[in-house]
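Peer 1: If you want the building blocks of each chain, they are given just below.
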Amino acid sequence: MSFSEFLLLYVILMTTMVLSRTVPLFALRGRELSPRLVAILDLIPVAAFAALVANDLMQPEAWATGNVWQALVPLIAAGGVVVVARKTGSLIGCAVAGLVFYVVLGAIPL
Amino acid sequence: MGTHIRRALPHAAPIMAGYVAIGIPCGILEAEVGIAPWMALILSATFYTGAGQFMLSNLWLAGQPLYAIAASISFVNLRQLLYSAAFAPRFQKVRRGLAALFALTVTDESFGVNMDRFAASEEAAVMSGDAGLYPWDAADATCLNLLSMSAWALANCVGALVGAALAIPTAVASFAMTAIFICLLFGRTFTKTTVLVGIVSAAGVVACKLLGLSQPAIIVGAVLGVAVGAVFDVVRGAELSVPETAEEALADEERYSEGVLDAQTLAEHEDEPFGGGEA
Chain A
1 MSFSEFLLLY VILMTTMVLS RTVPLFALRG RELSPRLVAI LDLIPVAAFA
51 ALVANDLMQP EAWATGNVWQ ALVPLIAAGG VVVVARKTGS LIGCAVAGLV
101 FYVVLGAIPL
Chain B
1001 MGTHIRRALP HAAPIMAGYV AIGIPCGILE AEVGIAPWMA LILSATFYTG
1051 AGQFMLSNLW LAGQPLYAIA ASISFVNLRQ LLYSAAFAPR FQKVRRGLAA
1101 LFALTVTDES FGVNMDRFAA SEEAAVMSGD AGLYPWDAAD ATCLNLLSMS
1151 AWALANCVGA LVGAALAIPT AVASFAMTAI FICLLFGRTF TKTTVLVGIV
1201 SAAGVVACKL LGLSQPAIIV GAVLGVAVGA VFDVVRGAEL SVPETAEEAL
1251 ADEERYSEGV LDAQTLAEHE DEPFGGGEA
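Line by line, the protein sequences give chains A and B.
If you count the first sequence from 1, position 110 lands on 110 in the working numbering, and the numbers rise without skipping.
Plus 1000 on top of the position in the second sequence (first one is 1) and you've got the working numbering.
Derived by calculation from the structure, the hints in this document are not laboratory data.
Note that the coordinates shown come from a computational prediction; the quantities given were computed from them, not determined experimentally.
Possibly wrong hints are sitting among the right ones.
The calculated EDC-like cross-link candidates involving lysine to aspartate or glutamate, where the alpha carbons are at most 20 Å apart (straight line), are [claimed, not checked]: (1) 1093(B) with 1137(B); (2) 1093(B) with 5(A); (3) 87(A) with 1116(B); (4) 1192(B) with 1123(B); (5) 1209(B) with 61(A); (6) 1192(B) with 1137(B); (7) 1209(B) with 56(A).
One side only, chain B facing chain A, incomplete, derived with CB under 10 Å [said to hold, decoys possible]: (8) 1078; (9) 1084; (10) 1128; (11) 1199; (12) 1212.
Where is the CB? At the ideal position from N, CA and C, for every residue including glycine.
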């Protein structure tokens, strides 16, 4: 990738990213938000987390390889992380537990 | 500023550790497509998106045309519209410059942790009866974003500098981020509405991916979940109505303790007791 190609790509990506990151926040600033709108905006975090988790765990290409066990590893590891999350609520605890579950399960030769 | 950094650091630490682990492979990949370390540093400190930067390198290596790469990545990053909108109620009275700096440095992970901190603070304020008690503020949230961004940018730069000499399995490192999302999702109190939103969002993502629509999967799933949740709330009706009598206010408290009513709505109702404070 040449510098000019990088620059063009960078300018386009930055423009769309800046707009995505700032327009809603500033468009809603200074307005009296109705309780209904606030309630709808409050639904965004759980929707975003659920979508991000599903996106990470749902890997059709892993199933396409035919190795069912390797495709199941992230799902089983995620189940373990859910238990840790409900019991501790600790981000670090969940990250470490997730890594341990993932590595240990992935090392099982099935 | 030092106080805000000290408050933000413990909450930023898990994100920073994850970003170092994922940022180095991302930098290595960027070096492979000819992005110099200083370019990787600038890209990571401004554009600042893991998914987008991985996509950039992978699509370039796959021989995709420049405008197709830009369109694909921009499309995936549309989910930032939702994050920005979600923060709007909490940034109504924040200085424009600070709000802009915050908004420009939001990622999936920092969105999650900041939302969690804001919600925990507001809940603590409601429980203590001090409506002015909001320990997690915009400056704390911005410091968390900047600390996370620093770790990401430096890790990218190191990755681009050392190249393939540092071999870190990306799939394993990525799962640490997945575990953080799982913690943010399952560490919260659920209501009927949020359970429905979560299920519909996840189902939307799965459906998109099964249909081969991987790139818009997150935004489509999340928007679908929010839409269904909003309709469900409308159908259920009463949640958002301001209590008209002392008995209804008491019922509000009971619904909050049962997890049916969220802390923010309860606080709003208490600000406007009995139908707008005219009673």
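Peer 1: Indicate, hint by hint, whether the structure satisfies it.
Peer 2: Hints and how they fare:
A hinted pair counts as satisfied when its Cα atoms are at most 20 Å apart, and residue 1093(B) with residue 1137(B) qualifies at roughly 11 Å. Of the supplied pair hints, the one linking residue 1093(B) and residue 5(A) is violated, its CA atoms being roughly 40 Å apart against a limit of 20 Å. As the CA atoms of residue 87(A) and residue 1116(B) are separated by approximately 17 Å, the hinted pair is consistent with the 20 Å bound. Distance restraint check for residue 1192(B) and residue 1123(B): the Cα-Cα separation of roughly 19 Å lies within the 20 Å cut-off, and the hinted pair is therefore satisfied.
Distance restraint check for residue 1209(B) and residue 61(A): the Cα-Cα separation of roughly 10 Å lies within the 20 Å cut-off, and the hinted pair is therefore satisfied. Proposed proximity of residue 1192(B) and residue 1137(B) is contradicted: the alpha carbons are some 29 Å apart, above 20 Å. Taking the CA atoms of residue 1209(B) and residue 56(A), the gap is about 11 Å. The hint holds against a cut of 20 Å. Because the smallest distance between the Cβ of residue 1078(B) and any Cβ of chain A comes to about 6 Å, under 10 Å, the interface hint for this residue holds.
Look at residue 1084(B): its Cβ gets to within about 4 Å of chain A, closer than 10 Å, so that hint holds up. Hint status for residue 1128(B) relative to chain A: violated, with the closest Cβ pair at about 20 Å, above 10 Å. A least Cβ separation of about 7 Å between residue 1199(B) and chain A falls short of the 10 Å threshold, and the interface hint therefore holds. About 8 Å separates the beta-carbon of residue 1212(B) from the nearest beta-carbon of chain A, less than 10 Å, and the hint is met.
In the structure shown, a violation is registered for the earlier hints numbered 2, 6 and 10, in ascending order.
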